[in-house]
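Student: Please model the complete structure; the sequences and the hints are all you need to start from.
Read top to bottom, the protein sequences are chains A and B.
End of the first sequence sits at 100 in full-length UniProt numbering; the numbers just go up one at a time, nothing left out.
End of the second sequence sits at 100 in full-length UniProt numbering; the numbers just go up one at a time, nothing left out.
Treat the hints as calculated values from the structure; they're not laboratory data.
Treat each hint with caution, since some may be false.
Identical copies go unnamed one by one, so any copy, or any two together, can satisfy a pair.
Simulated pairs of lysine-lysine, DSBU-like, Cα-Cα distance not exceeding 35 Å [what the hints assert, rightly or not]: (1) K13 / K74; (2) K9 / K74; (3) K9 / K35; (4) K65 / K35; (5) K13 / K65; (6) K65 / K9.
Number of protein chains: 2
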Amino acid sequence: MSKYGAYVKFTAKSGERETLADILLEAAEAIRSVKECEVYIINLSAQEPDAIWVTEVWSSAEAHKASLDLPDTKAAIARAMPLIEGVESIPVTPLGGKGL
Amino acid sequence: MSKYGAYVKFTAKSGERETLADILLEAAEAIRSVKECEVYIINLSAQEPDAIWVTEVWSSAEAHKASLDLPDTKAAIARAMPLIEGVESIPVTPLGGKGL
Numbered sequence: 001m002s003k004y005g006a007y008v009k010f011t012a013k014s015g016e017r018e019t020l021a022d023i024l025l026e027a028a029e030a031i032r033s034v035k036e037c038e039v040y041i042i043n044l045s046a047q048e049p050d051a052i053w054v055t056e057v058w059s060s061a062e063a064h065k066a067s068l069d070l071p072d073t074k075a076a077i078a079r080a081m082p083l084i085e086g087v088e089s090i091p092v093t094p095l096g097g098k099g100l
Numbered sequence: 001m002s003k004y005g006a007y008v009k010f011t012a013k014s015g016e017r018e019t020l021a022d023i024l025l026e027a028a029e030a031i032r033s034v035k036e037c038e039v040y041i042i043n044l045s046a047q048e049p050d051a052i053w054v055t056e057v058w059s060s061a062e063a064h065k066a067s068l069d070l071p072d073t074k075a076a077i078a079r080a081m082p083l084i085e086g087v088e089s090i091p092v093t094p095l096g097g098k099g100l
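Tutor: Printed below as a string of structure tokens:
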């Protein structure tokens, strides 16, 4: 089965990027115990002052979809939502390399 | 010092994506011994049939820049160049998370 990956761009409401990044970093800690999640890295955009990129790799698209129903995920989404202006995603199929 | 990251999109010439992906996967193997490189994952775009995305995390922007002068990197670039139509990069600053 193919792995599932995505670059997910969160655009924060003005002045809220740091708070949103902290919530996403906490979510990344909670997800360490989820073995189907292989990568969940929080990045600041180097070009857009309100943007955060999350690099995700999951064991399968199904595992990613199932993660959205985890209580920790739902709680993080509820906290993050008021700080978010928009979300875009670039879906990818990870083949291999260093870090997988 | 901040880490340096990038999502690098390679658009292959028509019909050359698989060959280009193989070259990049070989480059990823060669880079396993470079400790300043923390992540180098090769992905196929799920939306664009000629596109490959490479997820990179380096210990610093300087380490990334220095890597371009490594003999293995130069050899991979020389092999890949004839197969590449275009390159775009989204630079990011990795903060943390699972996989770092």
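Student: Each hint: holds or not?
Tutor: So, going through the hints one by one against the coordinates:
1. K13 / K74: within (20 Å within a copy, 42 Å between copies)
2. K9 / K74: both (18 Å within a copy, 31 Å between copies)
3. K9 / K35: both (23 Å within a copy, 28 Å between copies)
4. K65 / K35: both (14 Å within a copy, 33 Å between copies)
5. K13 / K65: both (26 Å within a copy, 33 Å between copies)
6. K65 / K9: Classified as both; 18 Å inside a copy, 25 Å across copies.
Consistency with the previously given hints is maintained throughout, with no hint failing.
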